[in-house]
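> Chains as they are written, first to last, in this note's numbering: chain A, 1 to 206; chain B, 1 to 206; chain C, 1 to 206; chain D, 1 to 206.
Just to be clear, a hint being listed does not mean it is correct.
Said to hold, decoys possible - Simulated crosslink set (DSS-like; lysine-lysine; CA at most 27 Å straight-line):
#, chain 1, residue 1, chain 2, residue 2
1, D, K36, A, K36
2, C, K36, B, K36
3, C, K36, D, K36
4, A, K36, B, K36
5, D, K147, B, K36
6, A, K36, C, K36
Simulated from the structure, these hints should not be mistaken for laboratory data.
The lines below spell out each chain.
4 protein chains.
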Amino acid sequence: MDSSAEKTDKKETGRLETFSDGVFAFAITLLVLYLKDPTANSSGSLFQGLLNQWPAFFAFVTSFMTILIMWVGHHEMFTYVRHIDRGFLFLNGFLLFFVTLTPFTTSLVADHIISSDSHTAAAVYASSFLLLSLTWGIIGRHIFRKKLLLASVDAESFARTQTRGAFIGLGFYVLALALAFFSGIASVVLILMVAVYYAVGPTSQR
Amino acid sequence: MDSSAEKTDKKETGRLETFSDGVFAFAITLLVLYLKDPTANSSGSLFQGLLNQWPAFFAFVTSFMTILIMWVGHHEMFTYVRHIDRGFLFLNGFLLFFVTLTPFTTSLVADHIISSDSHTAAAVYASSFLLLSLTWGIIGRHIFRKKLLLASVDAESFARTQTRGAFIGLGFYVLALALAFFSGIASVVLILMVAVYYAVGPTSQR
Amino acid sequence: MDSSAEKTDKKETGRLETFSDGVFAFAITLLVLYLKDPTANSSGSLFQGLLNQWPAFFAFVTSFMTILIMWVGHHEMFTYVRHIDRGFLFLNGFLLFFVTLTPFTTSLVADHIISSDSHTAAAVYASSFLLLSLTWGIIGRHIFRKKLLLASVDAESFARTQTRGAFIGLGFYVLALALAFFSGIASVVLILMVAVYYAVGPTSQR
Amino acid sequence: MDSSAEKTDKKETGRLETFSDGVFAFAITLLVLYLKDPTANSSGSLFQGLLNQWPAFFAFVTSFMTILIMWVGHHEMFTYVRHIDRGFLFLNGFLLFFVTLTPFTTSLVADHIISSDSHTAAAVYASSFLLLSLTWGIIGRHIFRKKLLLASVDAESFARTQTRGAFIGLGFYVLALALAFFSGIASVVLILMVAVYYAVGPTSQR
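Just chain A, same shape as in the assembly:
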């Protein structure tokens, strides 16, 4: 009975992963809808139009990288989780909420990062990742406190790694939010740097 319970757990985790992967994959693909043909509303050559549209590409790359590292992190977190409870389901739903918002906040950055509204656009963008990062930390605590980990995983070490990771992410996004009030572009560049850091940084050895 114990082993069958373990199997049932696995199956539940699997379906949550499928649903989450769907939302991640879909959100990351929807980003492209905000890249528009630059000649639709203006004259001038296509080449010039694409160059002028660099904020849209800049925002696209930043969001793509950020969603990708978050998907990788999500993927890694699930390799340690044996069992999911309802609290986990809803915390995960909260996390997906902010993932889903990303195409919208990205479009705000694309449209406004070189206008007088760049502070607002960057602040909204940074805030949404800040809340995502906060949710991430809460999920890590939840997994640890509710003992949802695989028996083979060292719970203390998991908690330490998760907490440190969440603090680093939170710290960076708080900084990006503060920076948004001085320079919108600098804030978005910092967010891109965070994604690059997670992609190649010290947490990457597994």
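Chain A is already provided as a structure; the job is to place chains B, C and D on it using the hints.
Below, chains B, C and D alone, put in the same frame as chain A:
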């Protein structure tokens, strides 16, 4: 042979779950396309524009929460189901039909909830969830009557829980529909409350 | 070695199913994007606008039902298939091509079914399902001729069922195409009837 | 323990495949959103409008075919891979980045292939597939160098096949990029030919 039949059943259930998860995940992510850059059609600051756009965020959150709890319920229902027949496939398709409609009905609420058409928008919104909830109840009956449950599940208890859940949902959405003719906003607030109730309410202990 | 080969086959089938399910689920969900807020471009009440928009709902329901029965058929076909080859992969890709086209052809029906262009819109709509149906028949032949069936499946009976199903589908869609030149609406109604027939008709006992 | 490690690897591969399949499936389905009702912005019959819109269909078919063969190649590559590391995750993410871009570059081709900007549109289109192809080659090298292959796979033969495939693809796309500066249409036709070549060509025996 019995155990191989059980395995085949599992596999079929799995694919229906994948398809359904896809539709749930896409529908929940498509909601974001109706959040628009508020400065596209008006002057004024981005910040003011985002504040003025609160009905769109309100509708977005309500629909996101509602689809999420429905996905959780769908997920839980499938943990009890051993076998699917054609009737189940089409009832499930009917359920997905209303899930798919949600981004459209949400956009009606977003555009009209503070206009003179708020009654119509809220009525359409509540009706689509009402029909979804009705389909849900019919699926529960179908599973019970056609004996599609896992052998380890107490069928009577399953039927009682499903019936009660469906009645509560139906009751709330009928109320929301009636309320729509008096106040569109009150109706949508009630629908949001239903989602919160299912998320934290008494049916949540598993 | 034999049983491990069988397992590898299963895994490949599984991934093709996941990809196909994704395309089916996504195409069926994208249909909703062509339902537009009717008051965006006209004055008048929302209620009147929704009523006037009945061709969009009619096309939406027809396409939703048709994609759904095709997904069910796809699902059933795969329960008989043990092994996939490259030809199968590309034929399946061809089938998905027409599934993917459906949101576009549906929008043509929605926009033109009550205009003077209704013949063209219905003819394009019927043609795309006709080609889909043709591809379906070719896939059935391919599975039979290349012996891709599970050992437990009676190949002759599979071929007979597939051929009959494909002929019925082809016949109906040829009729719908011919009808399009006389009445666009009648053609689309026939296509809706085909979907209902497959949903409840004699091929449905399994 | 060895066999359980193998199983854990499998599970991780599976989830990366699910995520990738999601992105491939969404990107291929999103292409349809750039097929527009031709009568929305012009007078004239629907039939004439559809004929005039041939560049959109031409671009649609080319991109659909190209993404499809890439998905097939991705699918085949994964049948040889036992294990994924972080480098693989990010290289795969880079590959998906260009897959995601395809609906946008396709829309540029659809809008400009018969205008004076056809050179730019085709060059952007060819470049994105060139970079995709380059990423593909790097992934092949990575798999070989990091020994991520299944024990049953002949690594040398895998490396040779991958390298040859990558060189052929790269060569064709470099040619298509060069051709773009002389004739946009010729460049896109070549890209369509590449897809057809991979679909029916000598690499197709498995």
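> Now look at each hint and say whether the structure bears it out.
Results for each hint:
1. Restraint check for K36 of chain D and K36 of chain A: the C-alpha separation of about 14 Å stays at or below 27 Å, so the hint holds.
2. The suggested pairing of K36 of chain C with K36 of chain B holds, with an alpha-carbon distance near 14 Å, which does not exceed 27 Å.
3. Note on K36 of chain C and K36 of chain D: the hinted pairing holds, with a Cα-Cα distance of about 15 Å set against a maximum of 27 Å.
4. Between K36 of chain A and K36 of chain B the alpha-carbon distance is near 15 Å, which keeps this suggested pair within the 27 Å criterion.
5. For the hint pairing K147 of chain D with K36 of chain B, the CA-to-CA distance comes to about 47 Å; that exceeds 27 Å, so the pair is violated.
6. In summary, the hint linking K36 of chain A to K36 of chain C is supported, as the alpha carbons are separated by about 21 Å, within the 27 Å threshold.
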